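*Asks:* Since the structure of chain A is already known, use the hints to place chain B on it.
There are 2 protein chains.
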Amino acid sequence: MPNWLLQRAYLTPHREALRFEGQSWTFKEIHEEALQLASRLHGLGVKPYDRVAILGYSTKELVVLLYACMHVQVELVLLNHRLAPDELAYQLTDSAAQFVFADKRLVTAIAHEQVHTFDAIHEAPLTSFTPAPLWQKDATMTIMYTSGTTGYPKGVRQTVRNHEASALASALNLGVRADDCWLCASPIFHISGFSTLTKSLVYGMTVDLYEKFDAVTAANQIANGQVTHISVVAVMLGRLLDVLEAQGQQAHARFIVALAGGGPLPERYLQRAARLQLAVSQTYGMTETASQTATLGAEDATRKLGSAGKPLFFNAIRIAGATKPFEKGEICIQGPHVTPGYIGRFAARPATEDGWLASGDIGYLDDEGYLYVVDRRADLIISGGENIYPAEIENVLHGHPAVLEAGVCGVEDDVWGQVPMACVVLKQAVPMEELRAYCLQKLAKYKVPKYFYVIDTLPRNGANKVMRRKLIDYRPQG
Amino acid sequence: MPNWLLQRAYLTPHREALRFEGQSWTFKEIHEEALQLASRLHGLGVKPYDRVAILGYSTKELVVLLYACMHVQVELVLLNHRLAPDELAYQLTDSAAQFVFADKRLVTAIAHEQVHTFDAIHEAPLTSFTPAPLWQKDATMTIMYTSGTTGYPKGVRQTVRNHEASALASALNLGVRADDCWLCASPIFHISGFSTLTKSLVYGMTVDLYEKFDAVTAANQIANGQVTHISVVAVMLGRLLDVLEAQGQQAHARFIVALAGGGPLPERYLQRAARLQLAVSQTYGMTETASQTATLGAEDATRKLGSAGKPLFFNAIRIAGATKPFEKGEICIQGPHVTPGYIGRFAARPATEDGWLASGDIGYLDDEGYLYVVDRRADLIISGGENIYPAEIENVLHGHPAVLEAGVCGVEDDVWGQVPMACVVLKQAVPMEELRAYCLQKLAKYKVPKYFYVIDTLPRNGANKVMRRKLIDYRPQG
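Line by line, the protein sequences are chains A and B. Once you know that position 114 of the first sequence is 114 in full-length UniProt numbering, the rest is easy, because the numbers rise by one and skip nothing. Once you know that position 110 of the second sequence is 110 in full-length UniProt numbering, the rest is easy, because the numbers rise by one and skip nothing.
These aren't lab readings, by the way, just hints derived from the structure by calculation. From a predicted model like this one, the values you see are computed outputs, not experimental measurements. Accuracy of the hints is not assured; some may be wrong.
Just so you know, same-sequence chains aren't split out, so a pair can sit in one copy or run between any two.
Said to hold, decoys possible - Quick list of in silico lysine-lysine cross-link-like pairs, DSBU-like style, CA-CA up to 30 Å: (1) K324 to K427; (2) K324 to K450; (3) K28 to K137; (4) K60 to K304; (5) K304 to K28; (6) K450 to K465.
Same shape as in the complex, but just chain A (with noise of 0.2 Å):
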């Protein structure tokens, strides 16, 4: 595997890479910043397979540093921006980071003895570096930790065949054209960005790189046909939708597909963007995959509605136990995509057994092999002996026309153990019966919520993802 940085430099020098803040750089000009920026870490210490934690916004200065340190071979460890001091010291002391880079604005968040922002690397001596020529296809590219999960955060290893291997299949899927643009507004430090990093170097794609989601820019883009693709979860899609529609934009015949992950798409969301000619991929994914396993074409987005498509080339998808089709079970990953494992306290825990990742989601896969993923294993409400499923209610709740997001989470309950209970973001008022009386319509009704709580926002995690394992707090007590 030759180094990336190295052979599109070499390959495709005059292509743009990376676009930010409306500058523009070509893979000759970021590499000749990222090897001169490589020497300055050597400067300071930095060596092959040390591990340097890295805590930024998503910004070109940010790319040019993780690059600089893929050139010197380190294992990045990719700090979340959004976590507090003490989530933040968890991580450098689990990943025994010897090295932290952390942008001025964040520093002051960091406790360690080898902190340096940004910019006192490029004050640090230029020394002579020479990056390999090659990478070791098993060597630690990155390690992020899992958020979502009860318990501590765990650190996971994805390799240079990991990320290698998810840029190859999602290539086999989507397609790759030499003028593809990716505008990135997901953040770099997690895996969502970050893959969109690998897919410029592996592909000679660019990326047009953005600090924070701001829809207006973003529709502006595809629809002027600035950009071929985007990254998005539900909520962004949503604005983004919106903007489209206030402006009275559609998609540019250029642009290709918005990537949709982080959960099942609301079905009104995939009728306007089809009304837009916005053509939407749902995908499944996860850290420990190093983005997408399965993806749904846009072809399928209508008929398959709700599905996460099939797995994409490299990799196989079963669901634990199941016998046939619809049976739900949990969803176990095979593939060169998979993460080897984790570090520090999690690193004797195996990632896989007999090569296949238990994802901690339930699915199923229908008649055809589409995977259906139904909700986080550890979010199952069970209720009389019932299984319920959060999304189920949550995806009853958003048809509402009153209902702008819901949240759903299991509450103790004398007597069944466990009973569903809500919490909605309002478009409009509603009153609390009106939203039970709907549900009784469309849902069994041991599944309607026996609470309905209306809060202002849900909380999310870095990834966007509803934790709703916090909507608890938002009880009242007693």
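*Replies:* Below, chain B without anything else, positioned relative to chain A:
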């Protein structure tokens, strides 16, 4: 690595896989036919890792048989139907093939205990057979005997990894789209044709297959937008251009590129192709590299005239002994597409040294890293201590309006050791003295052929490459 056939039948069952003689098959259909044939092969006693030799024309029947053999995971020995019985016998002995399957039109050329016609396989019993869901990357998928070298042909192993890496690297270079369709009129027993099948399975791409190259049909497919890609050698491209020009046709907007291998193209072909909107990419590859190693983008076709481009993404090229750009030496190749080695008589000969394959070709890299292939090292003429590359002289002769084709080789000479001699195929009569004078204008005197002979056709091997060593046979005796 998934079983490509199973995975394609699962992921894109209804996509068109193959067109042949006016019929068409989806991936599901072709997989089901292959699976049934695999169960019959199993009934004949064919087992995984058996060597199975195949002798056939490029037909749908051949494709299904090859896919059936892949399901059984045999080592396919792909025989060239242009070979003489003694040559075939050598390859069958050298490969120790347990089974030979031959087109009934070709079966008489084979002497082997276990030879069956393709038809006979269909009469074998259907047995219970379950294909393996995963393939081993290091398993040998195909064995092809190299032509064009002196002495005994060598059986080259091509593993699953080799073919996969080749297909993926080509996708990153040429792009890949769900509606790609590759016109294949190159023999499937050669890597050029076979690699079209591997692309079909890895990409989910349609192959438009022909038993023989027919310039009129190919031109129509290109002009009508029925195909997006074609593999050609110079002589095929020349005939294509003739037809397109004669019929007043152009390449359709849907057509992407003609991939031209087997040596550099004459400049006038590129100029004519450009006028017909026919993008042409020159490529350099060989049996040992499972097809392309380097490819010149169509956008560079005239700026880097005569170059084979840059390596594909996973690959590296270096010139043995060269310390700076433009220095000539043996082209050495590294990458996951490079054969692990040979079988039979040459099993003990390492294919690579420190991971580098010595190609046997002489070339150089220019100051931007573009590869120029100068000549076969074996064809080098050394005259009075000077290196003379036959291709250089041939290129000059190709520029003369009366010359259709030219081949140059060295002949023994008492004074100079060797001197060049030229064989020319003419479009119109021309005195040999005129050709000599033409060469004197354009070449150093020692490079001007001492002998000129007019012949009807140049001797070509199964890959349509001129066999310069056979030119000596055209020299009048005494």
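*Asks:* Run every hint past the structure and note whether it holds.
*Replies:* Outcome of the hint check:
Taking the shortest alpha-carbon separations for K324 and K427, neither the intra-copy value of 41 Å nor the inter-copy value of 68 Å comes in at or below 30 Å. In the homo-oligomer, the alpha carbons of K324 and K450 never lie at most 30 Å apart, since the shortest distance is 34 Å inside one protomer and 77 Å across protomers. Taking the shortest alpha-carbon separations for K28 and K137, only the intra-copy value of 24 Å comes in at or below 30 Å, while the best inter-copy value is 33 Å. In the homo-oligomer, the alpha carbons of K60 and K304 never lie at most 30 Å apart, since the shortest distance is 38 Å inside one protomer and 33 Å across protomers.
Taking the shortest Cα distances, K304 and K28 sit within 30 Å of each other only across copies (20 Å), while inside one copy they are farther apart (43 Å). Within a single copy, K450 and K465 get their C-alpha atoms as close as 24 Å, which meets the 30 Å cut-off; across copies the closest is 79 Å, which misses it.
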